[in-house]
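Chains as they are written, first to last, in the numbering used here: chain A, 1 to 182; chain B, 1 to 182; chain C, 1 to 182; chain D, 1 to 182; chain E, 1 to 182; chain F, 1 to 182.
Fair warning: there could be bad hints in the mix.
Remember, identical chains collapse to one label, so a pair may be satisfied in a single copy or spanning two.
Here are the simulated DSS-like cross-link-like pairs (lysine-lysine), alpha carbons at most 30 Å apart as the crow flies [stated by the list, open to error]:
| hint | residue 1 | residue 2 |
| --- | --- | --- |
| 1 | Lys159 | Lys2 |
| 2 | Lys79 | Lys94 |
| 3 | Lys79 | Lys109 |
| 4 | Lys109 | Lys178 |
| 5 | Lys2 | Lys94 |
| 6 | Lys109 | Lys66 |
| 7 | Lys79 | Lys159 |
| 8 | Lys149 | Lys109 |
| 9 | Lys66 | Lys178 |
| 10 | Lys94 | Lys60 |
| 11 | Lys2 | Lys178 |
| 12 | Lys114 | Lys94 |
| 13 | Lys149 | Lys2 |
Because the hints were derived from the structure by calculation, they are not lab data.
Note that the coordinates shown come from a computational prediction; the quantities given were computed from them, not determined experimentally.
Number of protein chains: 6
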Amino acid sequence: MKHSFCLAIDESLSLVQPTLEMAQELFEVVDSDRDHLRRFLDFVDSSTSFEPQEQYIKMKLEGYIKGTDRLFIIAFDQKIIGCIDLHFIDTTNKKAEIGYWLHSSQTNKGFMTKVVNKVCAIAFEDMGLNKLSIRADAENNPSNAVAIKNGFSFVGTDKSEFLMYGEFRDLNKYSLLKADFN
Amino acid sequence: MKHSFCLAIDESLSLVQPTLEMAQELFEVVDSDRDHLRRFLDFVDSSTSFEPQEQYIKMKLEGYIKGTDRLFIIAFDQKIIGCIDLHFIDTTNKKAEIGYWLHSSQTNKGFMTKVVNKVCAIAFEDMGLNKLSIRADAENNPSNAVAIKNGFSFVGTDKSEFLMYGEFRDLNKYSLLKADFN
Amino acid sequence: MKHSFCLAIDESLSLVQPTLEMAQELFEVVDSDRDHLRRFLDFVDSSTSFEPQEQYIKMKLEGYIKGTDRLFIIAFDQKIIGCIDLHFIDTTNKKAEIGYWLHSSQTNKGFMTKVVNKVCAIAFEDMGLNKLSIRADAENNPSNAVAIKNGFSFVGTDKSEFLMYGEFRDLNKYSLLKADFN
Amino acid sequence: MKHSFCLAIDESLSLVQPTLEMAQELFEVVDSDRDHLRRFLDFVDSSTSFEPQEQYIKMKLEGYIKGTDRLFIIAFDQKIIGCIDLHFIDTTNKKAEIGYWLHSSQTNKGFMTKVVNKVCAIAFEDMGLNKLSIRADAENNPSNAVAIKNGFSFVGTDKSEFLMYGEFRDLNKYSLLKADFN
Amino acid sequence: MKHSFCLAIDESLSLVQPTLEMAQELFEVVDSDRDHLRRFLDFVDSSTSFEPQEQYIKMKLEGYIKGTDRLFIIAFDQKIIGCIDLHFIDTTNKKAEIGYWLHSSQTNKGFMTKVVNKVCAIAFEDMGLNKLSIRADAENNPSNAVAIKNGFSFVGTDKSEFLMYGEFRDLNKYSLLKADFN
Amino acid sequence: MKHSFCLAIDESLSLVQPTLEMAQELFEVVDSDRDHLRRFLDFVDSSTSFEPQEQYIKMKLEGYIKGTDRLFIIAFDQKIIGCIDLHFIDTTNKKAEIGYWLHSSQTNKGFMTKVVNKVCAIAFEDMGLNKLSIRADAENNPSNAVAIKNGFSFVGTDKSEFLMYGEFRDLNKYSLLKADFN
Chain A
1 MKHSFCLAID ESLSLVQPTL EMAQELFEVV DSDRDHLRRF LDFVDSSTSF EPQEQYIKMK
61 LEGYIKGTDR LFIIAFDQKI IGCIDLHFID TTNKKAEIGY WLHSSQTNKG FMTKVVNKVC
121 AIAFEDMGLN KLSIRADAEN NPSNAVAIKN GFSFVGTDKS EFLMYGEFRD LNKYSLLKAD
181 FN
Chain B
1 MKHSFCLAID ESLSLVQPTL EMAQELFEVV DSDRDHLRRF LDFVDSSTSF EPQEQYIKMK
61 LEGYIKGTDR LFIIAFDQKI IGCIDLHFID TTNKKAEIGY WLHSSQTNKG FMTKVVNKVC
121 AIAFEDMGLN KLSIRADAEN NPSNAVAIKN GFSFVGTDKS EFLMYGEFRD LNKYSLLKAD
181 FN
Chain C
1 MKHSFCLAID ESLSLVQPTL EMAQELFEVV DSDRDHLRRF LDFVDSSTSF EPQEQYIKMK
61 LEGYIKGTDR LFIIAFDQKI IGCIDLHFID TTNKKAEIGY WLHSSQTNKG FMTKVVNKVC
121 AIAFEDMGLN KLSIRADAEN NPSNAVAIKN GFSFVGTDKS EFLMYGEFRD LNKYSLLKAD
181 FN
Chain D
1 MKHSFCLAID ESLSLVQPTL EMAQELFEVV DSDRDHLRRF LDFVDSSTSF EPQEQYIKMK
61 LEGYIKGTDR LFIIAFDQKI IGCIDLHFID TTNKKAEIGY WLHSSQTNKG FMTKVVNKVC
121 AIAFEDMGLN KLSIRADAEN NPSNAVAIKN GFSFVGTDKS EFLMYGEFRD LNKYSLLKAD
181 FN
Chain E
1 MKHSFCLAID ESLSLVQPTL EMAQELFEVV DSDRDHLRRF LDFVDSSTSF EPQEQYIKMK
61 LEGYIKGTDR LFIIAFDQKI IGCIDLHFID TTNKKAEIGY WLHSSQTNKG FMTKVVNKVC
121 AIAFEDMGLN KLSIRADAEN NPSNAVAIKN GFSFVGTDKS EFLMYGEFRD LNKYSLLKAD
181 FN
Chain F
1 MKHSFCLAID ESLSLVQPTL EMAQELFEVV DSDRDHLRRF LDFVDSSTSF EPQEQYIKMK
61 LEGYIKGTDR LFIIAFDQKI IGCIDLHFID TTNKKAEIGY WLHSSQTNKG FMTKVVNKVC
121 AIAFEDMGLN KLSIRADAEN NPSNAVAIKN GFSFVGTDKS EFLMYGEFRD LNKYSLLKAD
181 FN
């Protein structure tokens, strides 16, 4: 990844356009933080080499062509530290949902709040969306905090929305309208 | 529709397996009630002959094969009076969403409450689902009432979820877990 | 199969709309009658679990959407006892072929004659077909008898039409025009 | 068609491998004999330029790849005079059906009898088939005669098998087993 | 295009990751320079609105997923001034071909030489290719000059390789091996 | 292959229309000459039974339907001795590339020069092409000689165009315009 296409967030933090060549580095980031990431992410256990990551990047690029998905790599000093995406993009109703994860070594630094803010700007200002949603596991405090710090409103707790490791999980839903994005 | 495949709800009310031959009668039901139906249904204005209905039935049958959809015709004394479906069927997380509409001549008789109860029974007892959701326009009082009468819990109001006739609409979300279905 | 969609033939006998959930019961019916069924049916030996039955149901539902197939489950007192289908449906020439099988415990009771009569009614009265054909192995006396009892006319014996277990089989062809249906 | 791939039948008569470049000449043959050909062929009226013929050749070549079809052009002194094909090729049951037509200026010369004989040889000797069928309109005397002259046995008359110009037509079916081919 | 993903070439010049939102600006660049661009580019005359540009971007993104294409937008001070792409990417033989165009207002400034150099770096250093080719119309002096200034070797003149506006055009082919890229 | 469709070149040499039944004989020709053929052909090592040959014939027939490929079998006294094809057929620019191979027992007899001449005639006279190209490995003297003997002009040497057995190979490119074909 000597020549990557970036959108700067601050001096060190940036969003990076995903390429297929990044699958290996992305796998290594996941592989070095399995215990932390697997708690609230269902893809970690099956991510056993760069290939599932490459398939994931391809799937998201196909989703971009169809208009349903957009994936961004999060980098700090040119190194991959996480991912953020827009999914369920619905151009008819002008809305989408945001998902994100960060390597545990980079949490508690306010990075994700800045990253979500930039993705909201892309969605509202470039892509013409009217509403963004975030759904966070009810027990995932940092993820809930990111939504609130970015001005998202709490909609409700959706019980048993997600089945992971044999257990149904409750999800808190948050939303932000374009009119409320400063 | 001399020979239809039915599941009785009470002496007069039944769910009917949709066939392609029903597209004409289904169109006539919609066509005779446009003002009432179009207020909260976005497909009414484009339903100008039996063909969009036939396409809709085919699309739902394809969804059944893929595992995402199941459509039922609602009949009273063997005549079509509305539709109810399961969509967004997610067998991984064992959940689905219910949608329904009824001809205005048949409302306020408690029919839809009975119909939803039967579809919940199919979903929980035959299809192995764990959770059902209903999303109703915040101004559609009868639809909200059907959810509540069937024991669904209010989750929250999702603002600007749906764009219809140029206006963003708020949707109330309700859900029912299998454990709470008597 | 607590909630199945049925079309009654008499008090105990009915046609049932196939669902994917029925694959297991259908397999058990086949599995309990292999010696009888395999003599004139080529799918029995490869039907080693519910999965080939599920694929078969999906394939027939896809055929229904394309307009070439329609499958019905035969039930007695709500239990599966066999299958009957319309295949080679040709809406251009308004014709189709009927195929059927019954568990050996339910033969010699006149069931299949009633069942074929009902399927003829669906085909001629609801689906607008003009002609139905039955092809029966020349040595399968009960199957030939069903055609004759339903008023089908003998067309001819088609030699070496079907290769099963390494042997070419002769098929007797019968047909019934709508004008000759009761 | 300066360079065509041929299989000689006699000094003047040959089978020719169809190419897309032959569509124009094929159309001209059909176009110059509409009254004769349309009586028993349903494609004549819609054959209004070379394009439907090109689509037909492509469709038959696709069928060859899938194993269901094989088309041959019939030429006399290097000029196209008709077509013959194998369709419904069923490699499982080792059978196929033969169809053919000839320009009216070339009938009554015994050409088609020789042509069918050559196609039987290809089917039985090269393609490993065991049975060939011919279905001829009950009123098409020359076509029935070709089947009989080639040693095919009469199977039966299939009533109302084919709907053409709003009228149901009866078809006579003939078959020939490999064991009975000279 | 408030938030674009860029790879800087110098202070003002950059490569930009194409998004579907850029189709309108791309069309305007082409539309404002038709006489210049159409001389050696065959897509100009059919580019009558943003939609063919959007289809082109989608087609190139699909090519990226399949591994055959990669498109870059060329920007000067954040404004689109041209395009450059890798096509015929052949990962088996580790080679690709480069194509490019520039708005006439930005030519003769050495921009394309710098841009091609950066794309060579991406191809050789990130994508693992071994050889890059450029084919330029024999009469397109600036395009030939770009190849030579970037150290590409002349391979030969391929006569009548391209048919444009009813005239066969000769193309000069150039190639550069990774070992020769400084 | 008792009944093959042929185009005579001289008394013994002919082009033959490929059929799926020829896959076995084609495999045997390749299998009996592996050391000779594998030096400049990359498919030899993976050709371990008739099946890859059958897939190849199907792929070329699909290419014929799409307009990109045309394959011919080369026969001497009715026995397969090699293959020749048109690939990269580009009807827009009216050009194609020729590829060929011959069993080593049949080389040095002038066969391929005659065969290429006939394929040029088909391409220029029947298919309406304007230009044909041949690319030969720079070390494959007989293949280069065939191009020159047929009047093709040398275009240039394309370095490292092809990666075979871990080594990059140089290809000599030759072309022939219709105007220069006698």
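Can you list which hints this structure breaks, lowest number first? Hint check: 6, 7 fail, others pass.
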